[in-house]
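These protein sequence lines are chains A and B, in that order. Quick note on my numbering: the first sequence kicks off at 1 and runs consecutively. Quick note on my numbering: the second sequence kicks off at 1 and runs consecutively.
No lab work stands behind these hints, which were simulated from the structure alone. For clarity, every value in this text was computed on a predicted model and none was experimentally measured. All residues carry an ideal CB built from backbone N, CA and C; glycine is no exception. Take these hints with a grain of salt, some might be off.
[What the hints assert, rightly or not] List time: in silico SDA-like cross-link candidates among lysine to any residue, alpha-carbon distance up to 20 Å: (1) Lys175(B) <-> Phe15(A); (2) Lys175(B) <-> Tyr86(A); (3) Lys75(A) <-> Lys175(B); (4) Lys75(A) <-> Arg109(B); (5) Lys75(A) <-> Asp156(A); (6) Lys175(B) <-> Thr45(A).
[As the list claims (entries may be wrong)] Only part of the chain B face toward chain A is listed, based on derived beta-carbon distances under 8 Å: (7) Gln31; (8) Arg96; (9) Arg101; (10) Arg103.
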Amino acid sequence: MTDPMVVAEGLHKSFGNTHALRGLDLSVPRGTVCGVLGPNGAGKTTAVRILATLSDPDAGHARIAGYDVVREAGKVRARIGLAGQYAAVDEKLTGRGNLRMFGRLSHLSRRDAHRRADELLERFGLMDAADRPVVGYSGGMRRRLDLITCLILRPDVLFLDEPTTGLDPRSRGEIWDSIRELVADGTTVLLTTQYLDEADHLADAIAVIDHGQVIATGTPDELKATIGDRLDVTLEDPAALPTAMTVLNTLAGTEPTTTDADRLSVTLPATGLRLADIVRELDHAGVAAADVSLRRPTLDEVFLRLTNREEPVQ
Amino acid sequence: MTALTSPLGRLRWTFTDGLTLVGRELGRLRQEPGQIVAALVFPVIMVVLFGYVFGSAIQVPDGGDYREYLMPGLFAMVTFSAWLGVMTRMATDASRGVMDRFRSMPMARLAVPFGQTGADLLTGLPMLAIMVGAGLLVGWQPHRGLIPTAQAFLLMIVLRYALSWVGVYVGLAVKNDQVADAMVPLGLPFTMLSNAFVPTDGMPGWLRFLADWNPVSALTAASRELFGNPGAPSGNVAWPLAHPVTTVLLWSAALLVIFVPLSLRAYMRRGR
Ligand SMILES: Nc1ncnc2c1ncn2[C@@H]1O[C@H](COP(=O)(O)OP(=O)(O)OP(=O)(O)O)[C@@H](O)[C@H]1O
Ligand SMILES: [Mg+2]
Chain A
1 MTDPMVVAEG LHKSFGNTHA LRGLDLSVPR GTVCGVLGPN GAGKTTAVRI
51 LATLSDPDAG HARIAGYDVV REAGKVRARI GLAGQYAAVD EKLTGRGNLR
101 MFGRLSHLSR RDAHRRADEL LERFGLMDAA DRPVVGYSGG MRRRLDLITC
151 LILRPDVLFL DEPTTGLDPR SRGEIWDSIR ELVADGTTVL LTTQYLDEAD
201 HLADAIAVID HGQVIATGTP DELKATIGDR LDVTLEDPAA LPTAMTVLNT
251 LAGTEPTTTD ADRLSVTLPA TGLRLADIVR ELDHAGVAAA DVSLRRPTLD
301 EVFLRLTNRE EPVQ
Chain B
1 MTALTSPLGR LRWTFTDGLT LVGRELGRLR QEPGQIVAAL VFPVIMVVLF
51 GYVFGSAIQV PDGGDYREYL MPGLFAMVTF SAWLGVMTRM ATDASRGVMD
101 RFRSMPMARL AVPFGQTGAD LLTGLPMLAI MVGAGLLVGW QPHRGLIPTA
151 QAFLLMIVLR YALSWVGVYV GLAVKNDQVA DAMVPLGLPF TMLSNAFVPT
201 DGMPGWLRFL ADWNPVSALT AASRELFGNP GAPSGNVAWP LAHPVTTVLL
251 WSAALLVIFV PLSLRAYMRR GR
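Bound conformation, chain A alone (with noise of 0.2 Å):
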């Protein structure tokens, strides 16, 4: 099956009178992560629990697997699992627990729904907490316990909003392993992030939204392009800034910006332009430069520029 298993058109909701969504359009292929990106109010969660079926979107429409949020909610409900902001699990009781009563209200009989629970904290190493309960863990166990309750059925698709929020490197670390194993299981998986690192390690489309509606969307590699690479110079002589801003004005097709008396830096469209070339220009030119860097951007600075603007991208 090619068709896509999330898809989202024209979904608008407002609250009072914040319109949280206007006109979000989606579209995940079936087994590829999805990351939506967008900054705080943007409109992520709002999206997801409409996805969820959670919430009824006021215009629009949006089918999981084929089938439609609102009027199959309950055929989506059973192909999905949401894991939210913050770790929905019940503190009092142990991790077993929690994954055993899950499971059965996920309707397995009594011995599989135990099963499945053992399998699962074996799986994504929490079998040495599961009869502490969840009170005593720490923010990465508990986001890690969220995270399987959500497999309990293996779901065809998984929405993880912000599943790694507020986690030291290592915990969110090990998050993001366990959804790559889920991916390489052939589960779809929407992750809204405001850590642009981490729809760069898992995403394999990003779709920035801001206002409510999707500004951009691509891989990591095609949005970096979209504002070219960032080309650093630091010269030996502060005298020669003039003569290097020539230069690079005339490499770059626009005007270099001075960080320093003796530094400055131009984003260089994505012509191929390489390191040496650079140099060489420098060179002929006499300009002596101590240090001369290109870097990609990353996504933090796409997205910067990207939600900076007013009107959407493309």
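Fit chain B with the ligands to the given chain A structure using the hints.
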């Protein structure tokens, strides 16, 4: 896995899922033996505290024993504390996202409110039993035989169940466990403003009016009547206290009629 499609299947899953949620409450208690002990010791402390501290100073209207007078009031107090627990649990689930997880699962929708109120009923019974035991120890007893005694306890259970639906609704409405926790102490003045511990005759007019119409008073008066305990009001008595059993039944019916649909709607409403 049977589908939730046929009405019969739905009913069955509502029941099964409800039981799972009752099991969840029991599981939570097992994790917190301290809470069990506290819950069981609490009635005993109340009996001793009120029975002997107030008992030494308060004159029962028709000259009866204060502890005989007190026990129906304590039963009413325990009954009326039930909705607070349900409210706190619903609000905690709502604020922690557990409620959303339930909603996003293919489980029976009605199971959550029914399971929660059912669990409250089950956990409430042992507390009531302990209270009875404590009462018997300090000299309280029912005097009118088996049937009226059973009726009194049945009234408490019916009203408790009706009240737990108030808890479901309020918990879903506040959606915030801190707000819910902050509301718990409000239960105390509500029970105190009644005939549970002192006769209402001595209260200033407006306060007496509130106390006489407080359902806590009706339940207390009904149990006094059915147990044959002292404190039956005399003279010019407000309607609810003159017909306490009917009043309790009316209260229960009214609460159920109002709060069951409200709660179910609040639980199933989507869009937030
Ligand atoms: N239940 C609600 N009632 C009122 N306003 C809401 C509600 N839910 C969301 N909003 C508003 O809708 C907008 C989008 O919120 P949403 O939670 O979807 O953002 P988000 O992208 O998830 O943000 P964050 O990164 O902070 O989680 C915000 O302005 C928010 O205040
Ligand atoms: Mg959010």
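### Task
Check each numbered hint from earlier against the structure, then list the numbers of those it violates in ascending order.
Hint 3 alone not satisfied by this model.
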